[in-house]
Each structure stands twice: as structure tokens, then as C-alpha cells.
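Visitor: My request is simple: use the sequences and hints to build the entire structure.
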Amino acid sequence: WVARGRAMARAKATQEKVEKGEVQVAFTVQSKEQRKVMDRRCQGNAEMNDYENVRKRVELADNLQINEQITLIWELLPKNPQQCITKGVYLPFARRLFVHLMGKGAVTPAEMQETIKKDWETDSGGKGYIEQADFYKAMFNLADIWVDTIRVKDYVRFLRSCYVVLRRSNW
1 WVARGRAMAR
11 AKATQEKVEK
21 GEVQVAFTVQ
31 SKEQRKVMDR
41 RCQGNAEMND
51 YENVRKRVEL
61 ADNLQINEQI
71 TLIWELLPKN
81 PQQCITKGVY
91 LPFARRLFVH
101 LMGKGAVTPA
111 EMQETIKKDW
121 ETDSGGKGYI
131 EQADFYKAMF
141 NLADIWVDTI
151 RVKDYVRFLR
161 SCYVVLRRSN
171 W
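Note that the working numbering numbers the sequence shown so that position 143 is 143, with each residue one more than the last.
Check each hint, because a few of them may be wrong.
[Said to hold, decoys possible] BS3-like, lysine-lysine: derived pairs with alpha carbons at most 30 Å apart:
#1 LYS79 to LYS117
#2 LYS20 to LYS153
#3 LYS118 to LYS104
#4 LYS56 to LYS104
#5 LYS87 to LYS20
#6 LYS104 to LYS20
Source of the hints: derived by calculation from the structure; they are not laboratory data.
Guide: As C-alpha cells, then:
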């Protein structure tokens, strides 16, 4: 019962993080048939969103290996004197990631620009810049949406693929 008590305490702490907005869990439920024709951005797996799996996914946000990959991406990007990412850096960064994830021509340039604009508002919290903590949260949420498992190695692999694409960029 001690182990169960600890698990319940962790689950409660996880739930509080979600409620406070410290971690976001994004998902859309669909059938296997829909997956074949549905835009990749809208896909999800209902099994990943039961209470236990949501708790596990939220715990991944504190994983050292995952955070190391996010740090590598953060370190690639130019910062302003306050060590924040500006909109001028974010826009090309987001375009590169968008094309990497969606493929060229998946949406119109106007649709891509509109999506990136909305992402900027969300990721910056309307502040006009992105601090390191905001960046970590945004990158973890991106991985959480795109990775189909709850395995650390899959989150790391996804983030590493983003890093490789971004590393080739001239900032």
C-alpha cells in the first residue's frame, strides 16, 4: 500500500501540473481507418490518453535524456541579450521544423504561416519572446504530439531528428 500511495501522490502531482498548464497533453482520438486518410497533425491514439499513460507522458517532461536533446536544440538558436528567442528567430526555426515534420507542399504557404503565427502566440505566451523554460515546454509538447509511444528512446529519436535538421541551418 506504500507503493500505491506513492503512485497516487505522483498521479495527483501530475494532474496538478496539467491543470496549472505546466505541461500540456494534446491528443485527438480516431480509428485506424481514419488514420489512413487523416492529416498527421490531427492523429492520436486514445490508448495514450488513459490516466496511467497521461501520467507517464507527463513524467517524461523531467527525463534527463529528453531534456538534453531539447537543450541541444536550444543551444543552436541565436538569442537576444536577455537569452531569449525572438520572433525573428522563431519564424524560420518553426518553418524548418514544419517542413521537416509535414513535408514540403503538405499545406499552402499561407496555412503554414498561419499555423506558425498561432504557435508563436502559444509558445511565447504573448510576451514577444520565448524564454528557455517556455522553449522546453513547447519542444516537449511537440515531441509528445508526434511520438506514438511513451518510450524515452522514441522521444529522444524524434528530438534528435529535429536537431539534425536545424543544425544544417544558417542562423
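Visitor: So, for every hint listed, does it hold in this structure?
Guide: How the hints compare with the structure:
The suggested pairing of LYS79 with LYS117 holds, with an alpha-carbon distance near 19 Å, which does not exceed 30 Å. As the CA atoms of LYS20 and LYS153 are separated by approximately 27 Å, the hinted pair is consistent with the 30 Å bound. A distance of roughly 20 Å separates the Cα atoms of LYS118 and LYS104; the hinted pair therefore holds under the 30 Å criterion. For the given pair, LYS56 sits about 33 Å from LYS104 by alpha-carbon distance, which is inconsistent with the 30 Å threshold.
Distance restraint check for LYS87 and LYS20: the Cα-Cα separation of roughly 25 Å lies within the 30 Å cut-off, and the hinted pair is therefore satisfied. For the proposed pair LYS104 and LYS20, the alpha carbon gap of about 36 Å is over 30 Å, so the pair is violated.
Of the hints listed earlier, those the structure fails to meet are numbers 4 and 6, in rising order.
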